[in-house]
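Chemist: So for the sequence shown, our numbering puts the first residue at 622; every next one is plus one.
Because the hints were derived from the structure by calculation, they are not lab data. None of the values given here were measured: they were computed from a predicted structure. Think of the CB as a built atom: it goes at the ideal place given N, C-alpha and C, for glycine as much as any other residue. Incorrect hints may have been included.
Unchecked claim - Simulated pairs of lysine-lysine, DSSO-like, Cα-Cα distance not exceeding 27 Å: (1) Lys-1279 <-> Lys-1224; (2) Lys-1220 <-> Lys-1280; (3) Lys-1148 <-> Lys-1242; (4) Lys-1279 <-> Lys-1220; (5) Lys-1224 <-> Lys-1280; (6) Lys-1242 <-> Lys-1224; (7) Lys-1148 <-> Lys-1224; (8) Lys-931 <-> Lys-895; (9) Lys-1220 <-> Lys-1148; (10) Lys-931 <-> Lys-1220; (11) Lys-895 <-> Lys-1065; (12) Lys-1337 <-> Lys-1280; (13) Lys-1242 <-> Lys-1279.
Unchecked claim - For each label pair, taking beta carbons as the anchor points, the in silico distance ranges come out as: (14) Ile-1345 <-> Asn-897: 36 to 46 Å; (15) Thr-1240 <-> Leu-1387: 41 to 51 Å; (16) Leu-910 <-> Pro-849: 39 to 49 Å; (17) Glu-1183 <-> Arg-1097: 45 to 55 Å; (18) Thr-1240 <-> Glu-1142: 14 to 24 Å; (19) Ser-1360 <-> Leu-851: 47 to 57 Å; (20) Ser-1255 <-> Leu-1141: 39 to 49 Å; (21) Leu-1387 <-> Ser-1225: 42 to 52 Å; (22) Leu-1387 <-> Ala-1023: 46 to 56 Å; (23) Ile-1345 <-> Pro-1274: 41 to 51 Å; (24) Leu-1387 <-> Ala-1059: 42 to 52 Å; (25) Asn-1116 <-> Glu-1303: 58 to 68 Å; (26) Glu-1183 <-> Pro-1284: 38 to 48 Å.
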Amino acid sequence: MDLLGNEISIDEIKSVPDDCEFALESILAEFSQPESRDSDAEAAEPLAPSRPIVMDEEAEGVLSSELSSRYDSGSAPEPAPTYDEPPVDDPQNDDVRIYHIGTAARKHAPPASSEEPPEAEAAGHAVPGNSAGETGAADHAAFGDFAAEFAFAGAGAGAISPPIELPATGADEIGSPDAPPPPAPVRRSFGEALAAPFLSILALVALKKGQRANAAAVPDEAEEDAGPELDAESASKYYAGNAKSLRLRMRISIFLSIILVWFSFGLPVAGILKTNPTAMALVCLILELTVVMLGLDIFTAGMLSLIQMKPSLWSLVSVSCLTAALDAAVTAAMNGAVAGLPLCGVAAVSMTFALAGANQTCRGFRLSLRAVALSRSPFAVTSESGVADSGQTLLKSRRGAAGYLRRCEEPDFTETAYRTVALLLLGACLLLSLIAAAFSKEWKYFFRTLAVITAPCAPFAAFFAFSLPYSIITRRIFHSGSAIAGWPGLRDIGNAHHLIITDGDIFPPQTLSIESVRILEGTWPEKVISCAGSVICASGSGLAPIFTDLMRRNNCSIQRVEEFCCHEGGGLTALINGEEVLCGSAGFMHLMGIRLPQKLTSKSSVFVSINGALTGIFTIKYIPVTSVQDALASLLHTRREPIFAIRDFNITPLMIRKKFRMPTDGFDFPTFARRYEISAAEPSPDSQISAILSRDGLGPLVEVSELGRRLYIVVKLSAILSLICTFIGVVLMFSLCLSASFDSATAGNLLTYLFLWLVPGIVLSLGLGR
622 MDLLGNEISI DEIKSVPDDC EFALESILAE FSQPESRDSD AEAAEPLAPS
672 RPIVMDEEAE GVLSSELSSR YDSGSAPEPA PTYDEPPVDD PQNDDVRIYH
722 IGTAARKHAP PASSEEPPEA EAAGHAVPGN SAGETGAADH AAFGDFAAEF
772 AFAGAGAGAI SPPIELPATG ADEIGSPDAP PPPAPVRRSF GEALAAPFLS
822 ILALVALKKG QRANAAAVPD EAEEDAGPEL DAESASKYYA GNAKSLRLRM
872 RISIFLSIIL VWFSFGLPVA GILKTNPTAM ALVCLILELT VVMLGLDIFT
922 AGMLSLIQMK PSLWSLVSVS CLTAALDAAV TAAMNGAVAG LPLCGVAAVS
972 MTFALAGANQ TCRGFRLSLR AVALSRSPFA VTSESGVADS GQTLLKSRRG
1022 AAGYLRRCEE PDFTETAYRT VALLLLGACL LLSLIAAAFS KEWKYFFRTL
1072 AVITAPCAPF AAFFAFSLPY SIITRRIFHS GSAIAGWPGL RDIGNAHHLI
1122 ITDGDIFPPQ TLSIESVRIL EGTWPEKVIS CAGSVICASG SGLAPIFTDL
1172 MRRNNCSIQR VEEFCCHEGG GLTALINGEE VLCGSAGFMH LMGIRLPQKL
1222 TSKSSVFVSI NGALTGIFTI KYIPVTSVQD ALASLLHTRR EPIFAIRDFN
1272 ITPLMIRKKF RMPTDGFDFP TFARRYEISA AEPSPDSQIS AILSRDGLGP
1322 LVEVSELGRR LYIVVKLSAI LSLICTFIGV VLMFSLCLSA SFDSATAGNL
1372 LTYLFLWLVP GIVLSLGLGR
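With the sequences and hints as input, model every part of the structure.
Modeler: Here it is in structure tokens:
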């Protein structure tokens, strides 16, 4: 039997001519060389280890080809397959040779014998030129890839799939009389069966919390594949259109909710509504369903997130409206058996506040994106770590507004908090309603109890916790061309401990000018201006723009600066064309031994010395700005630590005290080496935008910093008050229903409770507008 499974008789072996000699090397070369045997140069080539073959044809095409034995009876063997080998000098084929199967494909059939192959054949055919110990991992296909691909691809082409081995406990033991009977199911007690659903809910909440924590650390693939971000102008128009629609629906909903509030407080009514409880319940149901239809997008979004087991604040509103509608329907169906009004008024007011909160959010985003769209070359404020000694630091830099819209649309703190507890709240409300109905033995009030306990889960204050103060602050900073990137931007600004202040923040470029220039005798003015301007530009201080303009007007060019050094005395040293250039204040020149004229000494001048001789004096005029003065005054009363990373040696604490007429005791002026290091910090590649500034100077930066911090505190405090209102309301309503005090757990009392908890949030939000 040959290697392909064909039987070879003894007579055929004996019929070989005597003059035909076979050598072992020629036989191995015959089976190992894939190239044509007519080429002497290729035949003389030494045997190489086997390499993987990459086929262009698909597996289905290969398996669909006709199968036949290699040798037909009474016919000569078919020609060997031809391969098109790429050029040897191709640099991409140094490690792996890629062969393409030619037209003469090798055809063979599996052996007809059904006997199991020998152990050597079952392990795989040996590769000529490689011994059993020399075979490497590269000589074999990856486990499972070849077999699985060809088994499934050739299933419809007549391919023979490998036999499937059944496990030992297979079909032979199924139905056997000797097989042991299946174990009986374990019966749980009534307490375990009752507690199992709620334990499952708690376990699911813990699992979701862990998944949310892991998702915060790992970027979501869906966010990465979200596609291109909408530009700020188009996004602003989109939110303007949504705000217009929400405003109209909110006004209609307010009108209908006022009617329901009138009914809920028991104010006078006329006609059939006064005498027929069923008619009153039906009217309340109709009005509530109308309000729900006005907020249909909120209702459907909330129910969809609840179905996906990701309930949010809108899900709580939707459940509140649903339970109130069921309460009204049951009250109307029982024809007065259930006393009191249904909770339709509370649910309708909750939906109205949801519409109002969405409207305020859209207005805030519209103004925020409008400010970004109007900014030609905005400054980006980012929160960086590692810049200061500890904590986060706010850094202003020239950067585009890419990613600003997506930052705005991230969930705010209130929404995140209610997403964490929403599933637990809904499960607890259902459980407490069952317990209250069981203890009070008033099952006809079950839907009333469920509606009463569920209503505080969607407090009115929760919908204004972020939307109202953010809209107020956005409207205030819009006039200065600034914008904050939603709740993520507020979080970054609120958690920052430091604020970097540079030269341009204290004295913007338009507030600096060269008042006079004095060139001493014996020097070329062009040389002095070029040396002074080159050193100042190398320092990167706020004086660089005015010296650059001075060189341009005097046809001077920037020279090559070598061995630049900054001294703590308030001066700069460098080598220009082999000459030592000193540039600094009057105090620095005295420290370096340079004599200055007594009449020309000024605390706001830049002195230049070349090779130890004073050559020029540039008097700088610093104009203080009122907005910077107000910003410095506000920094005195903030808990955030400002770091004055100023490179201009003339700007000192004493100068700021005299120019802006305020104390500087609480300001941090680090060493000049540390100033250069901090002011040279750039945003990291992973940092995201927290705010956008359209104007330069300290005023807009401090305004965004301080208002953002106050807004951050107000949002968190309002959200915490909303959560407290929810938990206290659920416990209070449960206690009233447990004692069957349905005369106290009315829609009017519940509205009063929720409106009272709304007042602190509105007061805090309106305080930001001052």
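Chemist: Run the structure past the numbered hints and jot down the numbers of the failing ones, going up.
Modeler: Numbers 8, 10, 12, 22 and 25, in rising order.
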